[in-house]
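These protein sequence lines are chains A and B, in that order.
Position one of the first sequence corresponds to residue 1 (the working numbering), numbered consecutively onward.
Position one of the second sequence corresponds to residue 485 (the working numbering), numbered consecutively onward.
Just so you know, the hints here were simulated from the structure itself, not pulled from any lab data.
All residues carry an ideal CB built from backbone N, CA and C; glycine is no exception.
The reader is advised that the hints may include incorrect statements.
As the list claims (entries may be wrong) - Reference excerpt, derived from the structure (chain B facing chain A, CB under 10 Å, subset only):
{"id": "1", "residue": "Cys566"}
{"id": "2", "residue": "Ala574"}
{"id": "3", "residue": "Arg685"}
{"id": "4", "residue": "Leu695"}
{"id": "5", "residue": "Tyr718"}
{"id": "6", "residue": "Thr724"}
{"id": "7", "residue": "Ser804"}
{"id": "8", "residue": "Val812"}
{"id": "9", "residue": "Gly815"}
{"id": "10", "residue": "Thr847"}
{"id": "11", "residue": "Ala852"}
{"id": "12", "residue": "Gly930"}
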Amino acid sequence: MSDYVIETEKGKWEVICGLEIHCQIISKSKIFSGASTEFGDDVNENVSFVDAGMPGMLPTLNQECVHQAIKTGLGLNAVINKYSEFSRKNYFYADLPQGYQITQFQYPIVGEGFIDIDLSDGKTKRIRIERMHIEQDAGKSIHDIDPHKSFIDLNRAGVGLMEIVTKPDFRSPEEAGAFLRKLRSIVRYLGTCDGNMDEGSMRCDVNVSVRPLGTNECRTRCEMKNVNSVKFVMQAIEVEAKRHVDVYENDGEICQETRQFDPVALTTKVMRKKEFAHDYRYFPEPDLPPLILSDDLINQIKKELVELPDAKKARFVHELGLTPYDAMVICENKEVADFFEKAAQGRDAKKVANWLMGDFFAMLKKKNLDIAQSPVSAENLGKLVDLITHDVISGKIAKDVFEIMAETSEDPEKIVEERGLKQVTDTSAIEAIIDAVIASNPENVASYRAGKVNLLGWFVGQVIKQSQGKANPAMVNKLLKEKL
Amino acid sequence: MNDLTDITIAESLSKLKAKEISPVELTQAYIKKLDENHKYNAYITLTAEKALQDAHEAEKRYANNTNRNLEGIPLGIKDLFCTKDIKTTACSHILDNFIPQYESTVTQNLLDNGALFLGKLNMDEFAMGGSNETSYFGPVVNPWSKETPLVAGGSSGGSAAAVAAKMCAAATATDTGGSIREPSAFCGVTGIKPTYGRCSRYGIVAFASSLDQAGPICKDVTDCALLLNCMAGYDAKDSTSSKREVPDLSAFVGMDIKGLKIGIPAEYRPDGLNKEVASYWDKAAKILEDCGAEIIHINLPHTKYALPTYYVIAPAEASSNLARYDGVRYGLRVDGNGLDEQYINTRTAGFGAEVKRRILIGTYVLSAGYYDAYYLKAQKVRRLIKNDFDEAFKKCDLILTPTSPVEPFAIGDTKMLENPINMYLNDVFTVSVNLAGLPAMSLPIGLSQHGLPLGMQLIGRAFDEGTIFKAAYQLERGANFVRM
């Protein structure tokens with residue numbers, strides 16, 4: 001039960017929300033034709049006769065897209081349906097060349113599943129998946145080139161999509177946001193969708209309704225189409241839910257309709273009333289036979305499945321001793337998790353995690369870099385941690401070494417060696433410094449010996465300072481105590 | 485020999501191989517016939533020059549013995565087959581400027597076998613019609629017409645008339661509900677609709693995808709075997725094409741039919757059946773019996789539902805298949821104020837009355853609230869009709885029926901035009917075969933009292949065209965029909 005409640009003078013309201021997410025399938029060619037799916041090519045460059053809906057052209061199913069869908073279904077902990085069917089969704093639009101979209105309607109390839117999401121209070125919540133089906137994308141209409149004409153780019157027409165439909169399990173914007181981040185993380189782990197909402201390769205439709213807190217009512221929902229960032233999805237839920245509350249509290253009625261979220265004005269406005277909803281006249285696609293999957297294929301894909309974020313997180317907690325929070329942060333992105341594992345190999349993983357989430361992330365953020373572009377390699381980060389663990393350098397010096405690594409990409413051992421930053425562990429050298437410090441601070445020595453033992457810290461600081469940070473603090477401590 | 489166009493393809497090939505005639509002579513003979521017979525309106529696009537060029541190439545191949553199965557055989561191509569760089573209109577105003585940049589698989593197969601194309605043949609608009617009167621280019625005149633111009637049948641009226649009038653050695657055609665068989669019967673020629681999936685539909689302008697099937701119309705049974713062997717075969721570009729191997733169909737021609745069981749369905753013989761048709765049916769059964777076949781009485785109990793079932797499913801698929809003709813990318817465009825108006829103007833001007841009628845029927849039966857009552861029910865009945873055939877084929881090897889309940893009627897016949905149902909009733913013996921996906925051939929059995937050809941239909945088991953060829957050849961010999 002979420003704590004997210006809309007409270008007004010008149011009452012308390014609960015938000016009910018479900019999501020439909022379109023994920024562009026990563027595949028070399030389109031789902032029903034051999035044309036390339038390359039993003040950013042010239043307009044109408046990647047269009048086959050099939051994509052353009054030329055007379056007599058027929059779709060042929062790209063098996064790569066089917067495999068990607070099975071992978072994704074497994075990643076959603078979902079039932080893979082061994083029998084599925086394609087259907088035609090009929091409507092007219094200029095960027096829909098066939099006059100229908102080939103999709104799956106009654107028999108989707110993936111059935112019920114779930115994703116566990118992590119919430120900020122440390123709890124997890126299970127979000128149920130209703131289904132996932134595969135279909136083709138439409139082209140793009142461009143209206144802003146000419147005041148009187150629209151232009152059509154069919155590069156995207158026929159690119160494979162996975163449409164994931166959740167149950168109405170979200171009770172707060174935070175949950176929806178956490179879900180989208182988790183889903184994005186899963187599909188990126190799987191390599192089935194690049195999850196870039198800003199490029200439109202992942203798009204989200206948001207369904208929202210509200211009900212008085214503590215009731216089980218099902219009130220009318222509104223759908224907001226194509227909300228294109230996690231932040232906007234969260235804002236859209238908040239804004240739309242408040243609108244519903246406002247309407248109900250003023251004795252109004254919510255109509256089932258399609259709305260559009262305006263992220264600048266932070267409002268939603270009507271796109272299409274229910275009366276004008278399309279009748280899509282779905283019927284089974286006669287150009288494609290039913291899609292029958294064998295157990296062998298499903299098992300093969302299951303076997304080849306990469307370790308997913310939840311499993312990785314659990315392993316990092318149980319085997320490497322990370323805190324659940326650290327593990328979650330590190331596992332959200334597969335590249336980060338891989339980097340971490342490489343860096344932590346054979347070392348104290350917890351120390352590596354601290355460095356990764358501290359100085360390392362801060363450095364990437366400051367330099368505005370992806371982890372793939374990091375000047376500090378995983379091996380070198382690991383070596384740096386080794387240098388600290390083996391008392392070659394102090395933690396303080398390590399920070400300086402890291403700064404140099406970030407600039408030069410050099411091996412920390414080499415940096416420490418060349419710049420003479422090795423910790424001094426030679427007793428006589430430290431003793432010489434201690435003697436000098438004692439000799440030049442007779443008053444403090446007297447105070448210490450008179451019982452002001454907390455002056456020890458000051459002495460340690462002085463000695464380390466004089467050693468230019470290289471003296472091993474533990475040894476300084478020990479020797480100082482003896483000498484004082 | 486007087487006229488090279490009198491002989492069959494089989495005879496032409498043996499003369500070509502023996503160098504008794506040349507492909508150029510043969511082609512010129514057909515072009516001459518074609519020029520003399522423009523009155524039949526069988527061709528709508530001529531490619532005679534190209535055909536002659538190709539004939540010269542064929543001549544070289546015969547000279548150096550690299551001649552292929554149909555080397556130098558001049559064919560007519562139904563205008564539903566997309567032919568690269570040759571205008572392909574489906575006899576519709578909406579496509580009357582369309583020049584495909586691709587070749588249909590069936591025509592490509594024929595080209596690969598050395599055939600050459602004399603031109604594109606008239607047909608009902610988008611293959612919707614039973615009399616070739618819905619063509620944008622006007623009706624085809626049946627070459628058997630006496631004083632009154634008679635219909636050639638439809639939708640492949642141009643194909644049947646061109647073969648009958650010897651304006652090509654053979655023609656390609658398509659059959660969705662009888663469009664090969666009915667015009668074949670009306671024009672006294674022989675045509676076979678193979679099993680659904682035998683010929684690739686790739687590049688054939690789609691009418692009703694789950695029913696459409698290409699086949700040849702020829703001068704006789706032997707030529708049909710030759711031609712179908714060159715047209716058929718698995719095609720990866722059509723997901724509904726069959727991987728079953730196509731046997732050498734010519735090998736079945738001439739085989740004896742002793743012990744073959746021929747089924748006569750009681751439901752095809754209502755009390756009111758045309759007496760002449762009925763008596764020719766008896767004659768055909770007698771011919772086969774005299775050849776050693778056994779006549780068996782069978783039942784196809786759901787026959788009476790075939791027409792209504794067909795006229796739900798075919799228009800439903802057509803309404804969706806024809807959505808792509810929207811004036812956006814190719815074909816006719818009639819501008820309007822905004823996209824919707826452009827659609828309306830384009831499709832209003834581009835489609836003829838019968839096509840519009842079927843789009844309306846199809847849209848209606850797929851609409852929300854009507855889908856279950858019409859489309860879904862029709863699919864269930866379709867299954868029952870298929871089951872009828874499955875049951876019948878446990879008792880017999882072939883089914884013999886008339887092809888059409890009527891003889892060719894006058895162009896503009898008011899009874900046919902005042903109520904489209906009267907026209908649809910002509911398909912009563914042919915549509916079941918498409919619903920069940922079975923192969924069936926029509927061949928001439930004799931002339932009516934008005935001197936007009938009547939046809940018999942032989943229906944076989946799925947993928948058992950061979951048995952049809954066996955019996956059809958014996959029936960052809962026994963009927964001794966004299967071609968025009």
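Consistency of the hints with the structure:
{"no.": "1", "hint": "Cys566", "verdict": "5 Å, holds"}
{"no.": "2", "hint": "Ala574", "verdict": "7 Å, holds"}
{"no.": "3", "hint": "Arg685", "verdict": "6 Å, holds"}
{"no.": "4", "hint": "Leu695", "verdict": "8 Å, holds"}
{"no.": "5", "hint": "Tyr718", "verdict": "13 Å, violated"}
{"no.": "6", "hint": "Thr724", "verdict": "6 Å, holds"}
{"no.": "7", "hint": "Ser804", "verdict": "5 Å, holds"}
{"no.": "8", "hint": "Val812", "verdict": "5 Å, holds"}
{"no.": "9", "hint": "Gly815", "verdict": "8 Å, holds"}
{"no.": "10", "hint": "Thr847", "verdict": "7 Å, holds"}
{"no.": "11", "hint": "Ala852", "verdict": "5 Å, holds"}
{"no.": "12", "hint": "Gly930", "verdict": "37 Å, violated"}
Of the hints listed earlier, those the structure fails to meet are numbers 5 and 12, in rising order.
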